[in-house]
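Trainee: Protein chains in written order, with the UniProt record's numbering: chain A, 1 to 325; chain B, 1 to 325.
These are computed hints drawn from the structure, not numbers from a lab. The beta carbon of each residue, even a glycine, is placed where N, CA and C say it ideally should be. Treat the hints with care, as some may be off.
[What the hints assert, rightly or not] These stretches of chain B come out as covered by chain A in the derived footprint (C-beta under 8 Å, 3 or more residues):
#	region
1	66 to 78
2	172 to 179
[Said to hold, decoys possible] From chain B, some residues computed to sit far from chain A (all C-beta separations above 10 Å):
#	residue
3	His84
4	Pro102
5	Glu106
6	Leu107
7	Asp121
8	Ala169
9	Ile185
10	Gln205
11	Glu211
12	Asp217
13	Ile311
Protein chains: 2
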Amino acid sequence: MTDFTSETDARGRVADVRTIACIGAGTIGAGWAAYFLAKGYYVRVWDPAPGAAPKVRQLIDAAWPALTQLGLAEGASPDNFTVHTDIAEAVAGVGFVQESAPEVLELKQNLLADIDAATADGVVIASSTSGYSMTDMATRATTPSRLVVGHPFNPPYLIPLVEVVGGEATSAAAVQWAADFYEYIGKSVIKMDREVPGFIANRLQEALWREALHMIDNGEATVEQIDRSITDGPGLRWPIHGPMTTFHLAGGQGGMRHMLEHFGPSLKSPWTRLEAPELTDELREAVIAGVDAAEERSVNDLIIERDAAIIAVRNVIDEIKGRRA
Amino acid sequence: MTDFTSETDARGRVADVRTIACIGAGTIGAGWAAYFLAKGYYVRVWDPAPGAAPKVRQLIDAAWPALTQLGLAEGASPDNFTVHTDIAEAVAGVGFVQESAPEVLELKQNLLADIDAATADGVVIASSTSGYSMTDMATRATTPSRLVVGHPFNPPYLIPLVEVVGGEATSAAAVQWAADFYEYIGKSVIKMDREVPGFIANRLQEALWREALHMIDNGEATVEQIDRSITDGPGLRWPIHGPMTTFHLAGGQGGMRHMLEHFGPSLKSPWTRLEAPELTDELREAVIAGVDAAEERSVNDLIIERDAAIIAVRNVIDEIKGRRA
């Protein structure tokens with residue numbers, strides 16, 4: 001972990017942050033606030049909407065039992081927040097800013113400029129945007145070097161993943177500081193080296209979602225069938241092994257290499273509306289090398305882990321579904 | 001459940017099946033055999049490969065602890081199987097046939113014709129194919145009316161989903177019988193009314209997989225990042241709520257309608273290489289109506305269920321990953 005970075009872009013150690021500003025208090029913004037509170041921080045919420053304060057209170061209270069179950073930091077309290085309608089007031093004295101305003105580009109551009117103007121030098125400002133690039137959002141800010149994307153998943157207080165990426169004008173130090181900070185507070189961080197529309201997880205789930213919409217549009221499957229095809233199928237494997245490791249195991253003892261040899265031709269099949277890339281030797285070797293780099297355990301060990309996970313996941317899900325009945 | 005169906009296509013009640021033939025004993029075929037054994041059936045395995053018998057023995061033994069944990073039927077034994085190299089011998093007296101040979105169309109066509117010729121009238125024959133249509137596979141069979149696709153997911157002894165669909169010459173009675181039988185033995189069945197390449201779950205996971213291959217091909221993400229973006233992100237939600245219900249909740253209290261209004265424009269964004277369908281009024285209303293039909297509970301109840309599931313899944317996965325260390 002990098003503790004000291006560039007003076008201008010990202011000042012101070014991640015461990016020294018005490019107070020965080022949450023700009024925008026919808027589902028995502030208030031979810032972030034709840035998470036930061038559970039980690040023992042003081043939170044200053046900015047939201048100009050009438051009735052924002054009781055709504056934030058309600059969202060934090062709704063999240064707190066879950067956060068308590070996962071374990072609170074010492075001194076964490078659901079009451080350690082204030083709600084503001086003035087941005088300068090909200091960011092006063094904070095060590096980090098998380099912006100979670102509605103997904104409207106111009107609104108984000110103006111808001112990030114306002115936040116930047118009001119926030120002390122060297123404090124990193126992250127945006128929860130689910131799709132805009134920081135290059136596009138930072139156009140009106142005076143100090144774009146400290147603006148980064150810190151993209152969470154709903155609900156941000158339960159899903160560990162945060163995708164961190166900068167824009168063209170973002171300094172590497174600010175990106176590194178944000179990645180370090182999220183990791184420090186227990187997040188699973190993917191630091192991207194370049195801007196890709198939709199980042200990584202959204203591109204993947206968006207491909208799936210678009211295929212699902214096509215199927216509904218064409219009367220090929222119902223909403224219920226689409227959901228159950230995932231919950232009772234591949235969805236049971238994905239919490240333990242992502243799509244790459246899953247297909248590594250589909251190759252049996254031969255792993256990904258065998259899988260690509262055996263099922264590679266199916267990339268030409270009309271199994272989805274998305275055309276696959278040409279399975280060149282380079283791509284094949286890159287995928288195999290990537291699996292080898294990501295996973296040193298044997299196929300047998302992975303199968304044992306997968307089976308244990310599927311059983312455990314099925315058992316807890318069955319229990320939760322049973323409560324529904 | 002339909003117990004009595006057409007005399008010629010699907011004779012007998014699903015509850016009367018005692019013995020099942022598993023044709024082909026690779027990962028999928030032997031996985032099916034293990035599942036059928038755990039449900040108390042006698043299994044007759046056909047596999048012409050040298051050394052098939054000890055391999056089947058080994059695969060069943062590897063699956064048995066998991067099956068024991070999930071609960072065995074009365075009288076279930078991992079020893080209630082025989083291995084044959086003659087098809088007529090393997091299908092003698094069975095009440096159901098599950099074919100799981102390698103994914104080579106001509107091989108499947110010939111094998112299904114041979115199975116059909118050797119199997120008693122009225123016994124339904126299912127293929128585990130992950131991608132061929134039964135219309136294409138049944139071309140050489142004398143009685144294509146009893147040939148259905150029964151597509152499982154790896155490992156078939158742990159993943160509940162089975163997609164059931166017929167070919168052009170398959171009788172509705174045989175499709176219904178297969179769906180009833182799989183349900184009877186505890187599977188989560190999706191009965192499709194028409195042939196769609198890749199069925200449902202494979203189309204969805206294949207869209208995701210192809211997008212992932214493109215990202216690797218273009219240096220946009222590593223194998224490790226792709227996997228973790230799912231395991232630590234959307235993958236934690238998918239065992240409880242499929243992609244449609246997940247996005248229903250992304251709309252907050254407004255549900256899917258609000259989600260499509262708010263995020264609908266992002267379908268035009270280059271967030272994946274798959275073009276989305278036009279979000280017409282008809283499609284929008286079909287998606288909303290589909291969610292309403294699939295899910296009568298309130299958004300609040302679904303959020304409570306989702307949060308409980310994510311916590312429970314995270315806890316069991318953390319425990320399993322902890323064992324690794």
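Trainee: With reference to the structure, classify each hint as holding or not holding.
Mentor: A quick look at each hint next to the structure:
Closer than 8 Å: that is the beta-carbon criterion, and the region 66 to 78 of chain B has 3 residues meeting it against chain A, so the requirement of 3 holds. Closer than 8 Å: that is the beta-carbon criterion, and the region 172 to 179 of chain B has 0 residues meeting it against chain A, so the requirement of 3 is violated. Look at His84 of chain B: its CB is around 22 Å from the nearest CB on chain A, clear of 10 Å, so calling it non-interface holds up. The Cβ of Pro102 of chain B does not lie farther than 10 Å from every Cβ of chain A; its closest approach is about 8 Å, which violates its non-interface assignment.
The claim that Glu106 of chain B lies off the interface holds: its Cβ sits roughly 14 Å from the closest Cβ of chain A, which is beyond the 10 Å cut-off. Distance check on Leu107 of chain B: its Cβ is at least 13 Å (rounded) from any Cβ of chain A, clearing the 10 Å threshold; non-interface status holds. Taking the minimum C-beta to C-beta distance to chain A, about 32 Å, the non-interface status of Asp121 of chain B holds against the 10 Å cut. The Cβ of Ala169 of chain B sits about 21 Å from the closest Cβ of chain A, beyond the 10 Å cut-off, so the non-interface label holds.
Look at Ile185 of chain B: its CB is around 14 Å from the nearest CB on chain A, clear of 10 Å, so calling it non-interface holds up. Residue-level check failed: Gln205 of chain B sits 5 Å from the nearest beta carbon of chain A, not beyond 10 Å. In this structure Glu211 of chain B is not separated from chain A by more than 10 Å, as the shortest Cβ-Cβ distance comes to only about 4 Å. Not every Cβ of chain A is farther than 10 Å from the Cβ of Asp217 of chain B; the closest lies at roughly 4 Å, contradicting the non-interface assignment.
Here Ile311 of chain B does not stay apart from chain A, with its beta-carbon only about 5 Å from theirs, under the 10 Å limit.
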